[in-house]
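Chain R is fixed; fit chains W and P onto it per the hints.
Each chain, written out:
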Amino acid sequence: MSTQLLIAALVQGSLYALIALGLNLIYGTMRLLNVAHGEFVMIGAYIAYWGITLLGLSPIIAIFLAIPFTVALGAAFYFGIFKRAMRSREFVERIEANSLLVFFGASIIIQNVTALLFTPDQRAYHYLEQIVHIGPAQTPISKLVALAIAGAVCIGAVAFFRLSTLGIAIKALIQQREASALVGIPVARIDMICFCLGFAVAGLAGVLVSMTEQISPYMGFPFTVIAFVVVILGGLGNMLGSLFGGLLLGVLETFGVALTAPSYRSIMIYAVFIAVLLLRPQGLFGTKRART
Amino acid sequence: MNPHLNRTLGLVTLVALLAIALPWLGNDYYTGFFFELVTWIALAESWIIISGMTGYVSLGHVVFIGLGAYVAALTWMEIPLWTIIPLTGLSAGALAAVIGYPCLRVRGPYFVILTFGVSELVKFIIVNIESALSQAGRTLFAAPDINDLYFIGLGLAWASVMIALLVRDSRFGAGLRAIRENEEAAETIGVSVSWFKLAAFVLSAIIPGMVGSLLILRSTYFDPLQIFNPQTSVLIVTMAVIGGSDRPFGPLLGVALLVVLQELLWANLPQLYMIIVGVLLIGVVIWMPGGVYGRLQRAFAAKPTAARPT
Amino acid sequence: MSLLTIDSVGKTFSGVVALNDISFAVAEREFVGIMGANGAGKTTLFSVIAGNLRPNRGTITFADQRIDGLRPDHISRRGVARTFQIVRPFGNMTVLENVMLGAFYGRGRERSAGAAKAKAMAILERLGLADRADLLARHLTLAGRKRLEIARSLATEPRLLLLDEVLAGLTPTEVTAAVDVIREFHKSHEVTIVMIEHVTRALMALCQRIVVLHHGQKIAEGTPAEVAKDPKTLSAYLGVTAQ
Chain R
18 MSTQLLIAAL
28 VQGSLYALIA
38 LGLNLIYGTM
48 RLLNVAHGEF
58 VMIGAYIAYW
68 GITLLGLSPI
78 IAIFLAIPFT
88 VALGAAFYFG
98 IFKRAMRSRE
108 FVERIEANSL
118 LVFFGASIII
128 QNVTALLFTP
138 DQRAYHYLEQ
148 IVHIGPAQTP
158 ISKLVALAIA
168 GAVCIGAVAF
178 FRLSTLGIAI
188 KALIQQREAS
198 ALVGIPVARI
208 DMICFCLGFA
218 VAGLAGVLVS
228 MTEQISPYMG
238 FPFTVIAFVV
248 VILGGLGNML
258 GSLFGGLLLG
268 VLETFGVALT
278 APSYRSIMIY
288 AVFIAVLLLR
298 PQGLFGTKRA
308 RT
Chain W
3 MNPHLNRTLG
13 LVTLVALLAI
23 ALPWLGNDYY
33 TGFFFELVTW
43 IALAESWIII
53 SGMTGYVSLG
63 HVVFIGLGAY
73 VAALTWMEIP
83 LWTIIPLTGL
93 SAGALAAVIG
103 YPCLRVRGPY
113 FVILTFGVSE
123 LVKFIIVNIE
133 SALSQAGRTL
143 FAAPDINDLY
153 FIGLGLAWAS
163 VMIALLVRDS
173 RFGAGLRAIR
183 ENEEAAETIG
193 VSVSWFKLAA
203 FVLSAIIPGM
213 VGSLLILRST
223 YFDPLQIFNP
233 QTSVLIVTMA
243 VIGGSDRPFG
253 PLLGVALLVV
263 LQELLWANLP
273 QLYMIIVGVL
283 LIGVVIWMPG
293 GVYGRLQRAF
303 AAKPTAARPT
Chain P
114 MSLLTIDSVG
124 KTFSGVVALN
134 DISFAVAERE
144 FVGIMGANGA
154 GKTTLFSVIA
164 GNLRPNRGTI
174 TFADQRIDGL
184 RPDHISRRGV
194 ARTFQIVRPF
204 GNMTVLENVM
214 LGAFYGRGRE
224 RSAGAAKAKA
234 MAILERLGLA
244 DRADLLARHL
254 TLAGRKRLEI
264 ARSLATEPRL
274 LLLDEVLAGL
284 TPTEVTAAVD
294 VIREFHKSHE
304 VTIVMIEHVT
314 RALMALCQRI
324 VVLHHGQKIA
334 EGTPAEVAKD
344 PKTLSAYLGV
354 TAQ
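Sequences listed follow chains R, W and P, in order.
Residue 113 in the numbering used here sits at position 96 of the first sequence, and the numbers go up by one each step.
Residue 221 in the numbering used here sits at position 219 of the second sequence, and the numbers go up by one each step.
Residue 317 in the numbering used here sits at position 204 of the third sequence, and the numbers go up by one each step.
Some hints here could point you the wrong way.
Claimed, not checked - Below 20 Å or equal to it, Euclidean Cα-Cα: the simulated SDA-like pairs (lysine to any residue) are:
1) Lys-230(P) with Glu-270(P)
2) Lys-188(R) with Phe-177(R)
3) Lys-230(P) with Ser-172(W)
4) Lys-232(P) with Ser-172(W)
5) Lys-230(P) with Thr-207(P)
6) Lys-345(P) with Thr-207(P)
7) Lys-300(P) with Ala-246(P)
8) Lys-188(R) with Ile-172(R)
9) Lys-342(P) with Ala-150(P)
10) Lys-188(R) with Val-175(R)
11) Lys-230(P) with Arg-170(W)
12) Lys-188(R) with Leu-161(R)
13) Lys-188(R) with Leu-90(R)
14) Lys-230(P) with Ala-246(P)
15) Lys-345(P) with Met-206(P)
16) Lys-232(P) with Asp-171(W)
17) Lys-300(P) with Arg-272(P)
18) Lys-230(P) with Asn-8(W)
19) Lys-345(P) with Glu-334(P)
20) Lys-230(P) with Leu-7(W)
21) Lys-232(P) with Arg-222(P)
22) Lys-232(P) with Lys-300(P)
23) Lys-100(R) with Ser-172(W)
24) Lys-100(R) with Asp-171(W)
25) Lys-230(P) with Asp-171(W)
26) Lys-345(P) with Gly-152(P)
27) Lys-188(R) with Ile-158(R)
28) Lys-230(P) with Pro-5(W)
29) Lys-230(P) with Ile-127(W)
30) Lys-100(R) with Leu-7(W)
31) Lys-300(P) with Arg-322(P)
32) Lys-232(P) with Asp-244(P)
33) Lys-232(P) with Phe-137(P)
34) Lys-300(P) with Gly-282(P)
35) Lys-230(P) with Met-206(P)
36) Lys-232(P) with Ala-243(P)
Hints listed in this document are in silico derivations from the structure and should not be mistaken for laboratory results.
Isolated chain R, as found in the complex (with noise of 0.2 Å):
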């Protein structure tokens, strides 16, 4: 029973990581957390959805759809709407709640707009949904395909972000932006890439969800509070915390829906998060800020 909750927890897990891996990376960039990050996630489940309903597309190839898609969307909403808003002294004055109300209303209007679009009803399609056996464990093909992708890029990411000099510069980056800087970093050019592959990582993550799960226009928001959360548990900025928090969430999650009950499921999510913010807001791998 056990194995099949781990498969369960992997596959919830890794997806997480992979949400929270994006977030982080365009906190790293824009220095302010993205509120609408869960709607990107959900427009790349409904590409995936779309692109096999209508295109008989496999999702593996929606992937590539979704990627620019979101990426453009993202850029769009960047310099569209962000850098200029930039441009009034009164709203970088107050910044951070402006920018928050900025995130949200875009969040509002992806959301409603879909459900407009294409109505707030669930939806989900058919795809290789014969089950395996592993050990004990049953699971359909899909998961085990998503899981692997997604674990390929977690992998992929800690190996980047270790040995590769881009990804060191963007860990110096984002620890450090001004000293950066100094040092030759090119932030501008890496500012770009951040960016784009944070929002590409939403989209392919929303594909590799709607392999798993029913989508809907509102599917979005709570992988944003799974977001935080898993950005909080691992340290805002910290890129390989997130992936381990990403699998702790997983993990905390299925195993005690398994213990509770399925409508548990928000409490737990939400209790971690709660739990972890009052008690550990510089979550578990980050380092304590001083008092001030």
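Here is chains W and P on its own, set in the frame of chain R:
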């Protein structure tokens, strides 16, 4: 006290007294519309006491409405209405004290998402309590009619505007605004930041709790998944921000605008309504900080004499 | 009789020792200066005294009562006021409102707006800000903001005023004006002042005693003349060993 304030308070009271006559001007449909109007005013004006004044944006305010509704549903028929309504207010205040104490230690986007999370958490807790009690929803029989509910709602709206005006003009309000401007500096000059935030939070919860009882009496059916609707929190935020969360009269404009829009669009195109809400929110935040009210104020205000920095 | 006693105070930030075994006392109505290179721990010391930070070691006594570990607003109410090195005005409130806030809270604790306003205007007059009373704080120049910071602190009716580099960024004329204002305030009101400054001529002119910090430790203490000749001070600042 400030004579200008006294005049304003008097004006608000006069308007409220006049508004008592509204139900006699039309039929139940219009009374329903005014009920919507006054209840949203009560909610938005209460919300700005914490979120407008201290800058801690609460995205979970529906939790107070929901709790008030639950308390009302549980006590309906057991105790008289005039006891239920204050009781729902007190319960909401108590909840605010409990969740405010830990939550207000956290700032910015974290506070926003945290309040949302707490709201959802309380919702699901009540869902589970109800199912443990084998209640699939509660029906309230012999609820008061829309006219009575409107009058109570009008009273709450009046109270919320009064409170907003009084707080803004008070020493307490100055302290709250200082917290919003620079929390550390405020604490350094002697503002008890934690207590002030908590007091504002509790104060902002009481009237929404009472509104919850009115809403549940209007719909006569309690279902936690319906009443703890996160969209309500979103609309409260939007109405207040669009109107102008800085001044006590700002939310009135935002409420008026959105409730009228709602009447036009909700029945047939609810998503279009929300899209417009989103667009207005972005537009106002970027181009009209201070909301519509703030922009109007600036258009009509005299220029200060020393306009250039010295 | 000392108003403020710092005893073996230490403060560490994740392994970095910002303050190490600092001890000194300030008597009532004294004017003490704190000197030291950047990173010496001066502002950290102020933050520890005012309650913005908690010391890891040592005690701080004010008016015969321990204040280490108390919250900033409690300490303010006992009569300790501080300015911030990077000024923190309440930008969207007027100059007058800023100072009124100091009058409302802090040790004075005015309850009525009328009394607070009167007190605030009086302070603004003394500091030459009265003509800008209705200006939004964020529209002030840097010199104006520094004065506002001092005015706001004075409105709390402190017994001890901690001034953190209030002269930084001012032109020489502005410095002279500010020094005059501060000296006047020290003389006419019963305020004890501890002042962090880099502008040495101001320290020499205003202070009766100077404490020198270096890398978080006190390396010298004495009158301005004594400190100027102290070999440890000279080597810390100029890197020479005095003959």
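Here is what the structure says about each hint:
1. Of the supplied pair hints, the one linking Lys-230(P) and Glu-270(P) holds, its CA atoms being roughly 14 Å apart against a limit of 20 Å.
2. This hinted pair checks out: Lys-188(R) and Phe-177(R) have alpha carbons roughly 10 Å apart, not beyond 20 Å.
3. Note on Lys-230(P) and Ser-172(W): the hinted pairing holds, with a Cα-Cα distance of about 13 Å set against a maximum of 20 Å.
4. Under the criterion of a C-alpha separation no larger than 20 Å, the hint pairing Lys-232(P) with Ser-172(W) is consistent with the structure, at around 17 Å.
5. Our distance criterion of 20 Å between C-alpha atoms is met by Lys-230(P) and Thr-207(P), whose separation comes to about 12 Å.
6. Taking the CA atoms of Lys-345(P) and Thr-207(P), the gap is near 46 Å; set against the 20 Å cutoff, the hint is violated.
7. Between Lys-300(P) and Ala-246(P) the CA atoms are separated by roughly 25 Å; this puts the pair beyond 20 Å, and the hint is violated.
8. Our distance criterion of 20 Å between C-alpha atoms is met by Lys-188(R) and Ile-172(R), whose separation comes to about 16 Å.
9. Among the hinted pairs, Lys-342(P) with Ala-150(P) is consistent with the structure: their alpha-carbon atoms are about 17 Å apart, no more than 20 Å.
10. Taken as a hint, the Lys-188(R) and Val-175(R) pair is honoured in the structure, with Cα atoms around 11 Å apart against an allowance of 20 Å.
11. Pair hint Lys-230(P) plus Arg-170(W) holds up; C-alpha atoms about 16 Å apart against a cutoff of 20 Å.
12. At roughly 30 Å between alpha-carbon atoms, Lys-188(R) and Leu-161(R) are farther apart than 20 Å, so this suggested pair is violated.
13. A distance of roughly 25 Å separates the Cα atoms of Lys-188(R) and Leu-90(R); the hinted pair therefore is violated under the 20 Å criterion.
14. As the CA atoms of Lys-230(P) and Ala-246(P) are separated by approximately 11 Å, the hinted pair is consistent with the 20 Å bound.
15. Taken as a hint, the Lys-345(P) and Met-206(P) pair is broken in the structure, with Cα atoms around 46 Å apart against an allowance of 20 Å.
16. Pair hint Lys-232(P) plus Asp-171(W) holds up; C-alpha atoms about 18 Å apart against a cutoff of 20 Å.
17. For the proposed pair Lys-300(P) and Arg-272(P), the alpha carbon gap of about 13 Å is at most 20 Å, so the pair holds.
18. Distance restraint check for Lys-230(P) and Asn-8(W): the Cα-Cα separation of roughly 19 Å lies within the 20 Å cut-off, and the hinted pair is therefore satisfied.
19. Of the supplied pair hints, the one linking Lys-345(P) and Glu-334(P) holds, its CA atoms being roughly 10 Å apart against a limit of 20 Å.
20. Proximity of Lys-230(P) to Leu-7(W) is assessed by CA-CA distance (about 17 Å); at most 20 Å being required, the pair is judged to hold.
21. Distance restraint check for Lys-232(P) and Arg-222(P): the Cα-Cα separation of roughly 11 Å lies within the 20 Å cut-off, and the hinted pair is therefore satisfied.
22. Taken as a hint, the Lys-232(P) and Lys-300(P) pair is honoured in the structure, with Cα atoms around 19 Å apart against an allowance of 20 Å.
23. With a C-alpha separation of about 38 Å, the suggested pairing of Lys-100(R) with Ser-172(W) is violated against the 20 Å cut-off.
24. Restraint check: the Cα-Cα separation between Lys-100(R) and Asp-171(W) comes to about 36 Å, which exceeds 20 Å; the hinted pair is violated.
25. At roughly 13 Å between alpha-carbon atoms, Lys-230(P) and Asp-171(W) fall within 20 Å of each other, so this suggested pair holds.
26. The straight-line distance between the Cα atoms of Lys-345(P) and Gly-152(P) is roughly 17 Å, inside the 20 Å bound, and the hint therefore holds.
27. Distance restraint check for Lys-188(R) and Ile-158(R): the Cα-Cα separation of roughly 35 Å exceeds the 20 Å cut-off, and the hinted pair is therefore not satisfied.
28. Restraint check for Lys-230(P) and Pro-5(W): satisfied, since their Cα atoms lie roughly 16 Å apart, inside the 20 Å limit.
29. For the suggested pair Lys-230(P) and Ile-127(W), the alpha carbons sit about 49 Å apart, so the restraint of at most 20 Å is broken.
30. At roughly 40 Å between alpha-carbon atoms, Lys-100(R) and Leu-7(W) are farther apart than 20 Å, so this suggested pair is violated.
31. Pair hint Lys-300(P) plus Arg-322(P) holds up; C-alpha atoms about 16 Å apart against a cutoff of 20 Å.
32. Between Lys-232(P) and Asp-244(P), the direct Cα distance comes to roughly 15 Å. Compliance with the 20 Å bound is thereby established for this hinted pair.
33. Distance check on the hinted pair: Lys-232(P) and Phe-137(P) sit about 33 Å apart at the alpha-carbon level, beyond 20 Å; violated.
34. Pair hint Lys-300(P) plus Gly-282(P) does not hold up; C-alpha atoms about 25 Å apart against a cutoff of 20 Å.
35. A hinted pair counts as satisfied when its Cα atoms are at most 20 Å apart, and Lys-230(P) with Met-206(P) qualifies at roughly 14 Å.
36. Our distance criterion of 20 Å between C-alpha atoms is met by Lys-232(P) and Ala-243(P), whose separation comes to about 12 Å.
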